[in-house]
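> For reference, the chains in residue letters:
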Amino acid sequence: MSADLGAPAHTAGAPEAPHTTSVPVPREPVSAEGLAAPAAVAQASDRGARIAAVAIALAWHVAIGLPAVWAARTEFAAPAVVLGAWALVAVAGAVAGVRLLRHSPLPPWPLAGLLLAVDAAVFAAVGERQLFTAANWVWGTLGWFFVLALWGRRVAGLIALLATHACIALVAVLWHGPDPVDVARYVMYVYGTFSLPVAVFVGSTVIVSLARERAAVSAAGHTMAAERDAAERGLRDRRDRLALVSSAAGRVLGELAAGHADPDDPEVQRRSVLAAARLRRLIAESDDVPDPLLHELRAAADLAERNGLPIDLVTIGAPPPLPVEIRRRLADPLTGTLADAEGWARLTVVSGPNEVVVSLVTPDREGPEATGPPPGEYDDGQVQHLYERDGNIRWAQTRWQR
Amino acid sequence: MGADPVAAMTGERPIGVAIVDDHPVVVEGVRAWLATEPRLTVLATGDDPDEVLRAAPDADVVLLDLRLHGRMALDKLAELSTAGRRVVVYSEHTDPQTMLAALDAGAVAFLAKHEGREHCVATVLAAASDRPYVPPALAGAMVGDPRPDRPMLSDKEREALLLWFQSMSKASVARRMQISEHTVKQYVDRARIKYTRAGRPAATKAALLARAIEDGLVRPEEIGIYRSQAAHDRPTP
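Chains H and W, in that order, give the protein sequences. FYI, our numbering numbers position 149 of the first sequence as 149, with every residue one higher than the one before it. FYI, our numbering numbers position 228 of the second sequence as 228, with every residue one higher than the one before it.
Worth flagging that the hints you see were computed from the coordinates, not collected in a lab. Treat the hints loosely; a few may be bogus.
Computed footprint of chain H on chain W; a stretch qualifies when at least three of its residues, placed anywhere within it, have a C-beta under 8 Å from a C-beta of chain H [what the hints assert, rightly or not]:
#, stretch
1, 134-144
2, 153-166
3, 169-177
DEER-style ranges, computed between Cβ atoms [claimed, not checked]:
#, chain 1, residue 1, chain 2, residue 2, range
4, W, 150, H, 48, 52 to 58 Å
5, W, 97, H, 323, 44 to 50 Å
6, W, 147, H, 94, 31 to 37 Å
7, H, 263, W, 29, 50 to 56 Å
8, W, 213, H, 240, 42 to 48 Å
9, H, 364, W, 213, 37 to 43 Å
10, W, 147, H, 233, 35 to 41 Å
11, W, 67, H, 382, 38 to 44 Å
Here the structure is a predicted model, which means the values were calculated and not measured. Glycine is no exception: its CB is placed at the ideal position from the N, C-alpha and C atoms.
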């Protein structure tokens with residue numbers, strides 16, 4: 001336990017931090033969940049789109065590009081360049097695909113530069129006869145690798161790459177002689193190579209953002225429901241406490257107001273002190289503090305000390321989290337004895353993970369019990385209460401065992 | 001040490017006490033407490049343990065304020081205990097960790113400054129004869145000891161410590177436990193003796209243990225159980 005609690009005398013008199021009474025509202029867990037859910041949903045949707053894009057690019061490259069390149073290998077102007085470029089893109093594409101699926105994509109612009117260089121080399125090496133055949137694999141395939149290279153970025157980058165690709169192709173077409181038929185084919189090819197990759201790229205982005213939105217809406221709904229539940233619980237708790245407060249102070253206040261009770265009567269004074277102690281503890285009960293039991297006991301000790309009773313509060317160990325019902329049964333019997341105490345009081349709390357023992361010792365004095373709890377002992381299975389007077393001390397002890 | 005505490009207890013010579021504290025007003029207060037007991041005499045006081053013990057080499061008991069000039073004197077405590085000095089630590093720092101650390105370092109007793117004259121005199125008298133004395137604050141620290149390697153206390157020992165810590169009255173504990181006051185004291189002292197195994201070895205701990213056996217507080221075979229951990233290291237014949 002902290003040293004200040006173990007400090008010897010009159011600890012309870014030390015100024016306490018201002019009490020903040022608050023309704024228990026769910027905080028971190030709900031909001032964290034609310035933030036995490038859309039991201040998780042978006043990530044799951046995005047993963048499916050990534051797998052599709054990588055599969056399309058590699059399958060196209062291998063299943064459509066390779067047979068055509070291999071069949072026409074002797075007819076290229078520079079076969080080694082075309083074949084080598086195919087192999088280079090196959091390797092680079094495979095690496096880029098794997099890295100994309102592992103969420104650590106290759107740097108986009110160097111990869112795009114490599115692809116454009118390959119593009120230019122193949123157009124230069126393929127020769128006039130193979131310019132518009134399937135053997136000129138860069139026409140159809142390269143667009144898909146652009147998609148992989150720029151995944152998750154804005155579509156403008158992809159369009160710029162495809163436009164560069166179209167320019168390179170145009171230079172090649174014009175280089176071999178500006179035949180109107182070739183230009184018409186060229187336009188058709190460019191349209192074909194633009195449309196599909198752009199459609200897939202834009203489609204995946206839209207799907208991911210829609211999924212994210214839907215998840216965010218659903219999480220917001222959950223948060224609202226949780227907040228409403230917490231508010232209802234807070235209201236219920238407040239009503240319960242109000243009922244307890246009424247039973248604690250209502251009767252004595254009522255009698256005083258009606259003139260049936262005499263404020264000079266020591267008995268009435270003791271009942272008032274007890275009611276005040278109970279009120280103080282009930283107020284402390286709803287405070288949001290790390291050690292609620294100690295906080296409630298300190299509140300009671302604080303009040304007793306303000307009424308002129310020197311009190312030692314010594315704590316050993318930190319109490320485990322206890323439900324409010326158990327805390328009440330641990331603290332309430334002692335509150336009564338404390339209200340009755342004269343001279344001095346020693347309040348001790350010894351806590352372990354499976355046991356909390358609270359004890360109050362005050363000097364015994366002549367006279368009957370005032371308004372404290374009945375001087376009996378009970379054991380309701382969870383909390384045991386012992387009380388005794390031996391002419392020397394009055395000793396109340398409550399003990400909770402797991 | 002040099003002095004025979006048993007002889008001192010029989011009245012041949014008063015028990016010499018050295019007080020080490022850096023607050024003169026506390027020194028004077030403690031001196032006044034001890035002056036109420038004719039068997040005790042204060043031989044030297046000061047704020048430096050070495051100087052005080054040079055002035056009173058025959059002191060039977062050293063009352064040491066754990067916090068000297070702003071720092072915890074645990075190392076000095078260990079040094080004195082290892083050298084066989086019976087050191088009673090008294091401090092306003094009564095958090096359980098500090099108290100248990102002082103016992104581990106070889107202090108024969110730990111006294112909270114607020115525990116007053118009665119406990120102070122009783123503690124010094126017990127320390128001079130190598131007998132345990134557990135003031136209530138120390139009982140609280142022992143009963144709430146959360147360390148995994150803490151000594152195993154019996155249910156009765158634990159209960160006696162707890163009730164003694166709560167009530168500060170052995171008569172009330174005896175009534176609550178329906179045993180004699182003498183038995184309450186035995187339970188509490190036995191718990192304290194079990195703590196002599198913890199921490200670093202010190203001559204004072206051995207003396208405490210030897211006296212406990214002599215007084216019948218623990219039986220030698222129980223000490224054997226204490227040492228079973230060490231026994232595992234020995235080759236079996």
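> Taking the hints in turn, state whether each one holds.
To see whether the hints hold, each was checked on the structure:
Only residues whose C-beta sits within less than 8 Å of a C-beta in chain H count toward coverage, and the stretch 134-144 of chain W has 5 of them, enough to reach three; the restraint holds. Coverage of the stretch 153-166 of chain W by chain H holds. Counting CB-CB distances below 8 Å, 3 residues qualify, and the rule asks for three or more. With a cut-off of 8 Å between beta carbons, the stretch 169-177 of chain W has 5 residues touching chain H; three or more are needed, and the interface restraint holds. At roughly 57 Å, the beta carbons of residue 150 of chain W and residue 48 of chain H sit within the given window of 52 to 58 Å.
The given range of 44 to 50 Å is broken by residue 97 of chain W and residue 323 of chain H, whose C-beta atoms sit roughly 29 Å from each other. Between residue 147 of chain W and residue 94 of chain H the Cβ separation comes to about 58 Å, which falls outside the hinted range of 31 to 37 Å. The supplied range of 50 to 56 Å is broken by residue 263 of chain H and residue 29 of chain W, whose beta-carbon atoms lie about 43 Å from each other. Taken as a hint, the range 42 to 48 Å is violated for the pair residue 213 of chain W and residue 240 of chain H, whose Cβ atoms sit roughly 59 Å apart.
Take residue 364 of chain H and residue 213 of chain W: their Cβ atoms lie about 39 Å apart, and the range 37 to 43 Å holds. Between residue 147 of chain W and residue 233 of chain H, the C-beta spacing of about 39 Å keeps the proposed range 35 to 41 Å intact. At roughly 41 Å, the beta-carbon separation of residue 67 of chain W and residue 382 of chain H lies within the given 38 to 44 Å, and the hint holds.
Checked against the numbered hints given earlier, this structure breaks hints 5, 6, 7 and 8; the rest are met.
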